[in-house]
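J.: Sequence:
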Amino acid sequence: MQEIPEKKNPEKKKENVVGKVVRDFMSGDYLKFKNAVQASFDSGEFIVGRGAFLRSVIGHAKLSSAEYAMCQKAIRMEISKIKKAEKKKAKEDSALMDETKHFERVQEQDKLMTDKARAKIMAGAAKKEWIDKAFYRRNGLEDPGDVGA
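Just so you know, the sequence shown maps onto residues 1 to 149 in our numbering.
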């Protein structure tokens with residue numbers, strides 16, 4: 001008879017992730033705990049909403065109810081910190097994009113303003129030239145701008 005290989009149990013993997021978080025919490029090493037929570041949160045394997053699953057894992061670790069409450073609260077606090085940091089980063093990215101768009105808009109307006117200013121200067125110069133010609137004609141003087149006329 002052939003043995004049928006067992007399929008890998010995805011619950012077991014999640015148990016290992018949560019179990020590692022619990023072990024790191026109980027060891028008292030905050031940095032290891034924080035990194036474990038971050039890694040499990042990033043991988044999407046650890047969701048706080050699974051209270052019964054968390055209780056079963058913590059139950060295997062033989063924790064008292066006070067230790068369980070502390071562990072669960074610490075995990076929730078870490079995840080809320082992670083979520084707040086993600087929201088803050090998203091907000092900063094959004095502000096940066098808004099700032100970039102604003103800068104591009106200002107540059108475009110400056111370009112339009114310089115085009116308008118250039119047009120006004122040219123119109124002003126043409127108007128001045130026309131006024132000068134009229135002045136010379138009216139007074140019967142020779143226009144110094146008409147060279148060779």
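Source of the hints: derived by calculation from the structure; they are not laboratory data.
Careful, some of the hints might be misleading.
[What the hints assert, rightly or not] Cross-link-like lysine-lysine pairs, in silico, PhoX-like; alpha carbons within 20 Å at most: (1) Lys20 with Lys87; (2) Lys34 with Lys81; (3) Lys32 with Lys81; (4) Lys20 with Lys84; (5) Lys34 with Lys91; (6) Lys91 with Lys101; (7) Lys83 with Lys73.
All figures in this text were calculated on a predicted structure; none of them were measured in a lab.
J.: All hints are to be evaluated individually against the structure, with a verdict given for each.
T.: Hints, one by one, checked against the model:
1. With a CA separation close to 26 Å, the supplied pair Lys20 and Lys87 exceeds the 20 Å bound.
2. Straight-line distance between C-alpha atoms of Lys34 and Lys81 comes to about 10 Å, which keeps the hinted pair within the 20 Å bound.
3. The straight-line distance between the Cα atoms of Lys32 and Lys81 is roughly 16 Å, inside the 20 Å bound, and the hint therefore holds.
4. For the hint linking Lys20 to Lys84, the alpha-carbon distance of about 23 Å lies beyond 20 Å, and the restraint is violated.
5. Pair hint Lys34 plus Lys91 does not hold up; C-alpha atoms about 23 Å apart against a cutoff of 20 Å.
6. About 15 Å separates the Cα atoms of Lys91 and Lys101, which keeps this hinted pair within 20 Å; it holds.
7. Distance restraint check for Lys83 and Lys73: the Cα-Cα separation of roughly 15 Å lies within the 20 Å cut-off, and the hinted pair is therefore satisfied.
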